[in-house]
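Trainee: Chains as they are written, first to last, in numbering that gives the first Met the number 0: chain L, 0 to 246; chain A, 0 to 223; chain C, 0 to 215.
Hints were generated in silico from the structure; no laboratory data involved.
Every value quoted in this text rests on a predicted model; they were computed, and no experiment measured them.
Where a beta carbon is used, it is the ideal one built from N, C-alpha and C, also for glycine.
Misleading hints may appear alongside valid ones.
[Claimed, not checked] Counterexamples of contact, computed for chain A against chain C with all Cβ distances above 12 Å: (1) A55; (2) I66; (3) A112; (4) A120; (5) T124; (6) R128; (7) A174; (8) S175; (9) E186; (10) V199.
[Claimed, not checked] Restraint ranges, calculated between C-beta atoms of paired labels, are given here: (11) C/K81 x A/L79: 38 to 44 Å; (12) C/R16 x A/A120: 52 to 58 Å; (13) L/K10 x A/A120: 54 to 60 Å.
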Amino acid sequence: MTNPPIIALEKVSKSYGTSPVLRDCSLTVARGEVVVICGPSGSGKSTLIKCINALEPYQSGSIRFDGVEVGAKSTNLPKLRTRIGMVFQHFELYPHMSALDNIMLAQVHALGRSRSDAKTRAEALLARVGLADKADAFPLNLSGGQQQRVAIARALALDPEVMLFDEPTSALDPEMISDVLDVMVALATGGMTMLVVTHEMGFARRVADRIVFMDHGEIVEDTPKAAFFTAPKTKRAQEFLGKILAH
Amino acid sequence: MQYHFDFAPIWANRDLILDGLLTTMALSALGLILALIVGVIVGTAGAAQSRALRIAAATYVEVMRNIPLLVHMYAWYVGLAFLRLPPFWCATAALTLYSGAYVAETIRAGLGAVPRGQNLAALATGLTRLQALRLVIYPQALRIVTPSLASLASQLIKDSSLASVITVAELTYEASAIEGQTFRTFEVYITISALYLALVTLVTFGLMLIPGARAQGVQGFGDA
Amino acid sequence: MPEVVLKNLPFLLAGLRVTAEIAALSIVGGTVLGLAIGTLRYLRVPLLAPALDLYVAFIRGTPLLMVLFICYFALPALLGYKTSAYSAAAFGFIAFIAAYLAEDIRAGLRSVKPGLMQAALATGLTRAQALRLVIVPIALRNVIPTLFSQYVRLLKFTSVASVIGVNEFTGSAMLVNGREFAPITIIGFIALTYLAICFLLSAAGRVLYARLAVRT
């Protein structure tokens, strides 16, 4: 392979006490790829992506980001995490700070940028997600969709090489979903490497390169988009797709 | 450290310590029961429909709570000296009125925490206001506030130590007396503190065993 | 204002000033210490945990008067140093309130939803940075009412310092009463004064909370 994958999971297993959550999961993501992970609740999708930036520990297997073993004790995690952007289901904006400050915080403290550079970048990103006028607004005065877009800007502010999304639209009212998805589509078409846990199959159809289907902690299917939607290989994936596309 | 530990004189005075402990327990038990009575009355008034009652209750609570307990004690022992109340009863009165204010606040909050619909449901089945309060609202409110009441009880036991200032021969008073006799300063105070600790722990856990009490942290709410 | 109070006002006000001083000292010192202890307990630092547990459990199960006696009589005897009543009282109050504030702050830290810590870490902040810039500021804002109720409690507790001979407000008033024998007036006066300042302190807390609380 001329281009080594930027993310490589190999036989990753994780349990909470005696309950297994991830079983022998292996997955690679190449630079510029958009991979969608779907599956029923409790299948381990969110846990899997939270292992990639070491927010969740794993017991066995290996996760390499650009060749660096994520679980190794010698790895500088804060530094690694500045190369990976993450967007959470419940936005997780810092409630005591304005949108602008939210986006500036890690730039200043994790990357060491000057406040003025950070501010310029933050303002540019807010404009990019369509919220230039909300720079001084506090999260409690923003709608869910607006908060999520600020959260995306916050993640992009560190110029990450990869963006991880954990069910970014699951907590949103229907009218706001498309605003957020539009931002994500723009990112994808702009060449960002993305790993997205979602139920939004319309989004997957538009920009995904591959679909990964998980069930009970296992990666059941991992196929190119077209193949997945026309002829999923496994029965479980077929059932899931049937239910999800039925409405 | 030059200090030589010697617990023997403490043990020798164990009868004084026991007397003090019993007085503390009596004072606390009495204070708690009376404070509960006062607190239930004032607390219920604080959650009443009538605005006048609510204001009266709030006034009681604010006045009694914001005056230091020591000043309460002096008020009965020195201020109302003409009543010739024995110190024990001065302390009891002070503890009752002061802690009663805290109990009242806790009960008022507890009553407020019971969903509105419960009262409506009870009235709809033909119960009188008083029956609804007694049979439906109160049991639920008490279940909610048991952890707070446990913490108030333990606070009351600690507060009773101030009775020593107005010459009630409870545990702290005896501690000072024994210290004066034996000069075993550290041993006395550590022993007495350990006794308070034991008493407070026992009472807190005991109250939490009341059936239906929510198993919440033993750390106190309530700023008694 | 009654004559007996007016006559002795300078003395009483001096006592009030001492009360204010001790309270201010203890509030500031206690909050700083309480923040340190509360954060350390929240982080469950293994070496310190048993010592901190013991300290908090001891203070919370011991009457304030006992704590003051220990600070003024027992510890100096044990360790062989001399101390003034004022210093012993200040030391005792700080040690006392810090234990309570530590628990309140710890509860506040735990009530911050874990997702926020994850979000902060995900952007490359270290644990220490995440605590300093995100978790602690949010927790502190949310526990303002609890902290202020402890501060008001401390203000009332300063009266107990009179028992070990500190000439704060209550102590001064009882001394005046010893001279003047007008107990109802004098005690009424100090009761009203405490009422007023405690009420003001509570009100200040409510205003601060209204301004700073973060509603999520």
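Trainee: Does each hint hold? Answer for all of them.
Mentor: To see whether the hints hold, each was checked on the structure:
Once the 12 Å rule is applied to beta carbons, A/A55 is consistent with being away from chain C; the minimum gap is 16 Å. Residue-level check failed: A/I66 sits 5 Å from the nearest beta carbon of chain C, not beyond 12 Å. Against the 12 Å criterion, A/A112 stays outside the reach of chain C, whose nearest CB is about 17 Å from its own CB. No beta-carbon of chain C comes within 12 Å of the beta-carbon of A/A120; the shortest separation is about 31 Å.
At roughly 38 Å, the least C-beta separation between A/T124 and chain C is larger than 12 Å, which holds for a residue marked as non-interface. Non-interface status of A/R128 relative to chain C is upheld: no Cβ of that chain comes within 12 Å, the nearest being about 32 Å off. For A/A174, the condition that its CB be more than 12 Å from all CB atoms of chain C is violated, with the nearest at approximately 7 Å. Not every CB of chain C is more than 12 Å from the CB of A/S175 (nearest about 8 Å), against its label as outside the interface.
Against chain C, the non-interface label of A/E186 is violated: not every CB pair exceeds 12 Å, the least being about 9 Å. For A/V199, the requirement that its beta carbon stay farther than 12 Å from each beta carbon of chain C is not met, with the minimum near 5 Å. Separated by about 39 Å at the C-beta atoms, C/K81 and A/L79 satisfy the suggested range of 38 to 44 Å. Between C/R16 and A/A120 the beta carbon distance is about 57 Å. The supplied range of 52 to 58 Å therefore holds.
In this structure the supplied range 54 to 60 Å holds for L/K10 paired with A/A120, their Cβ-Cβ distance being about 57 Å.
Going through the hint list in order, the structure does not satisfy hints 2, 7, 8, 9 and 10.
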